[in-house]
Structures are given as structure tokens and as C-alpha cells.
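J.: So you can see what is in the structure, the chains are spelled out below.
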Amino acid sequence: MSSALKILNVAKCVKTLCSSVSNKFLSSSLLNRMQSQQQQNVLTALSALNTRTFHSTSPRQDLMEFFDDPKNWSENEVKVGRAWKLEELRIKSNKELHQLWYILLKERNMLLTMEHECNDKMELFPSPERLDKVKISMGNLETVVRERNKAYHLLETGITGERPTRMVHNPLGLRHLYRSCEHVLPPHMNVKWIKSRDIGFGGRAVRKFLLLYREKLYNIKRKAKNRSRNEVMMLLRRNPNIDVQVLRSKYPNVDIDKLLRDDKTRGHFVPKVGV
Amino acid sequence: MRLTQFVCSKLKNFSNFPKEYIERSKKQVYWKTPSGVPNYLQRTVERKRFRYTTNRPWTGQFRQQNMPGTIRKKVFVTPVEEWSFFRGDRIEVLVGKDKGKQGIVTQVIPERNWVIVEGLNWHYRTVGGEEGFPGVLIKSESPLDVTKDVRLVDPSDLQGTDFEWRYTEEGEKVRVSARSGRIIPIPETNNQTHDFKTPNAYIEREKDTPGAVVGEITFQPKLATFEMDIMEEMGIVEERTPKKSYWY
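In the order they appear, the protein sequences are chains D and Y.
The numbering used here applies: residue 4 is where the first sequence begins, and numbers increase by one.
The numbering used here applies: residue 393 is where the second sequence begins, and numbers increase by one.
Source of the hints: derived by calculation from the structure; they are not laboratory data.
Among the clues, some could well be false.
[To be verified] Okay, derived cross-link-like pairs now, EDC-like style, lysine to aspartate or glutamate, Cα gap no bigger than 20 Å in a straight line: (1) Lys124/D x Glu185/D; (2) Lys109/D x Glu598/Y; (3) Lys226/D x Glu412/Y; (4) Lys419/Y x Asp135/D; (5) Lys98/D x Glu596/Y; (6) Lys540/Y x Glu608/Y; (7) Lys540/Y x Glu562/Y; (8) Lys138/D x Glu185/D; (9) Lys82/D x Glu630/Y; (10) Lys614/Y x Glu90/D; (11) Lys88/D x Glu412/Y; (12) Lys614/Y x Glu91/D; (13) Lys599/Y x Glu68/D; (14) Lys211/D x Glu145/D; (15) Lys88/D x Asp490/Y; (16) Lys82/D x Glu438/Y; (17) Lys109/D x Asp135/D; (18) Lys98/D x Glu145/D; (19) Lys493/Y x Glu412/Y; (20) Lys418/Y x Glu80/D; (21) Lys418/Y x Asp71/D; (22) Lys636/Y x Asp135/D; (23) Lys599/Y x Glu185/D; (24) Lys138/D x Glu523/Y.
Here the structure is a predicted model, which means the values were calculated and not measured.
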């Protein structure tokens, strides 16, 4: 902050100097040039103040920006903080989010380059969780931007402004989420699109396919149910003093009372009689 | 209620790694359909069941114990309602050669219901043995099962005790000794991570944004989308009118 103030003071001095000098003998063109220069000074100072809040490397603008600091190359671990959370990004202005996006993007490029280079040279890539932290931050930032845009569109137009989607049947008669596309022609004039959509489903082959497909889905469900029942059975067999309430909450689809009566849940030991 | 209780366990992640990283590092994808090709249904063949041991999922030892293509016998882990043993807890061992002794929990492995207790339940292990060299004996602590091998110690009389989770008047969830009714506090060690002992003691690194800057509120509500605001900021004026288009 002090440096910014200093620059502002310098700018003020320059301005007063300019005015005093221009009054005497300088031409107006030179004055304009100097004033614009002075304005630029302030602007750069302000932008420096804004960008300084986030970490950004000094612009080198060469290929080495794709690589990490050389002193981290031989490290086993590079310690960094955590990813940006949603609630931290929500209080940031659009401008700052825009800046942060490019800082994160540069960092991600750097990390991916380093990972590739380390794999290439058979070296250890230190702290690979940095990549995940950057990705989480970028995802959260996108979420925040989308929230803001959605709020604007809902307020102004009543719709979210997101890409429209709807559930449609595909040629096999299965429902799937169709993500709409942007077209130049309206749908009733777009013959090509109408023809591409006009795929009826039916016929013996499709019916047979659907039958088998549904059987497959049913089998997945049935096997999952059997698996969880067997798991409960094995737990009861191994651990007769297990807390049944916890089991019930963990496996709500399994009939535990029925299993407890079953002989299979009895462990391989002599049961206590008359207790 | 029960579900939220299960999700909001008070156990802190010591490694401080994001979940995504842990998932990514243990992933073993054998085959995946190429994405963006419509004639394939999306399928991924990958390892679903992992054997969790004292080696953590992001380490090479974990991968060695779960080598791709191998199948290991299923381990049945007794479900626990809420995790109740934390790093730094004083506990009493109920089994083994150190039965009746008390120690401090140094490591927690909830995937297997395990705790590792400092200096208890240990055995010798030979490491670095090769031809011509017998190796070195090191002391290594075996894990203990929280459902049957250990119990908490009451801080009032330093005797092992059963406990239950209860709520205080302030609505805080605490462990209460069944014998003396005294609260067994969760030790501060539980909040320690690999990166810092306490969040305040964290040393900010070169690329970290300072805490004061993170907390600063710079957002000003404005009737504009993100793009409109940035364009205004950068002095970009859009003069073209878009052609009419249809979304369907």
C-alpha cells in the first residue's frame, strides 16, 4: 500500500511539475504525452495492487514459465495450502475471479508440464496433489460464475440461461438426456434435423434387445441385494455380539430378523443353551 | 439424522490430501471405452475392491499390496455407528501380550476399524534382508481393532471404561464415560495434519494467498452477467448483433 501511495505522490508531483512547466514554455503536445504517461503510471500501480493480492509469478514470458521453480525440482515434497472453497470465491468480485482463473490455469499448465517432464526423465513428481487442488479450485470458480450468471438470467428472463436439456427416447427406446444444440433454422424448417430425429423404435430385434437389457439391469440389482445379504450373514457369523441396530441402519434392504433365525448366521462353535 | 451423523465424523484427515487425489492415486483402470464415440456404451473396467492395510492408499506399498490383476480375499469389517477413537486418545488394550496396558493412539485407519497404539502390541520385523545380509530387526506396532481389542480410558481415574456419545447443553456432541459420567474430550492431536499442528500455526508458502486477502469481500452485486462485467471492465464493446438462432 505504501508503495502505491508513493507512486500516487510521485504522480501528483509530476502533474504539478507539468502544469507549472507547461504554463511557462512547454508545448501542449508534450504536456499531453506527459499527462498520459503519468496516468499510465497510476494504472499500472493500481493493477499491481490488485494482482498482488493473489500470488502470481513475475512475468517472464518465456518457455520456462511452463516449469516449476528450479529449487523445487529435486524436492520430495512441495508444500502448498488448500484449494479455494466455494464460500471464499463467492465473496470475490468478477474481476478478481477472472484474474484468479488465469493464475490457476497457468499453475495447472505448469504442473501438467512438470508431471510430463518428470515421467519422461524417470523422476519423482513432487506433491502430485497440487494438480487436484488446482482442479478443485477451478471447478469451484466455474460453479460460482455459473451461479452468478444463472441469477442474472433468472432475474431478467425467468430462465436459467443454461444449455437446454430434455429427456428423449433414443433409437433403442431407451430414455436419455438430450442436450439441445443451437441451429440457424427453426425446427419445422430443418428437414435434415427432422429426418435425423425421425427414427422409430420397435420391431422384433429391438424388443428382444430391450428384454435382455432389462434382464441385465434386474440381475445387477438382484446380485447387489444378494451380495449385501451375504455380507450381513458373514458379519453375523463372525461376530455374534455385533450391534444389530447398526447393521440395520447400514443395510436397510436386508431382512436381518430372518437372517438371525437362519442356521447360516450361526458361527462355527457350540451355541450357548439355556442362557 | 443417522445419515448426517455418519457423514459428519469428528475424525480429521491427517494427510490433508483432497479426496479426489486419494481416489485418483489408488485407481486401477483396466479398460475404458473411448469417450466421444457413440457406438460404445460407456464402460469402465476397474478394480472395485481394495485391501486396506497400514499402508495408505496413495503410497507405492499400497499399490504393491493391490497389484493390478490380483484378487485378494474379502475382509469383513464390522460397521461402527460413529467413529470414536482419535489420534492422541489414551486407550487400554484388552487383548494380546500387552493386555491391560494403556497407551496413546498414534494412527487411525478407519477403513479397517484399526488404531495403532504407541509402543504397545508390537513385534519385531526384519527389513532390508538380502543375500549375505540378514537384515535389521525393527520394532513395529500392530494395529488393534476398535470394536473388540481396545477401550477408552476415563480421564478422572485412568481406568478403562465404556462410553457413549451424548449432547451437552450447548448442543455439542461429546463422549461420556459410562462409569463416572465424565466427558472424555477429543484430543487436540486429532486436528493436527501433516501440514500443520494447528491451522493458525500454518506457515504460508510462496504460492499461498494470504488469509486476510482470502477473507476480503470484494463482490459488489450488479445487474450483469460475469461476461458483461468483465467486458465492461476491459472496455470491450460488442457492436455486432447476433443472428437469430434456435435451440432445440
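J.: Need the list of violated hint numbers for this structure, in ascending order.
T.: Numbers 1, 3, 5, 6, 7, 8, 9, 14, 15, 16, 19, 21, 22, 23 and 24 - these are the hints that the structure violates, sorted from lowest upward.
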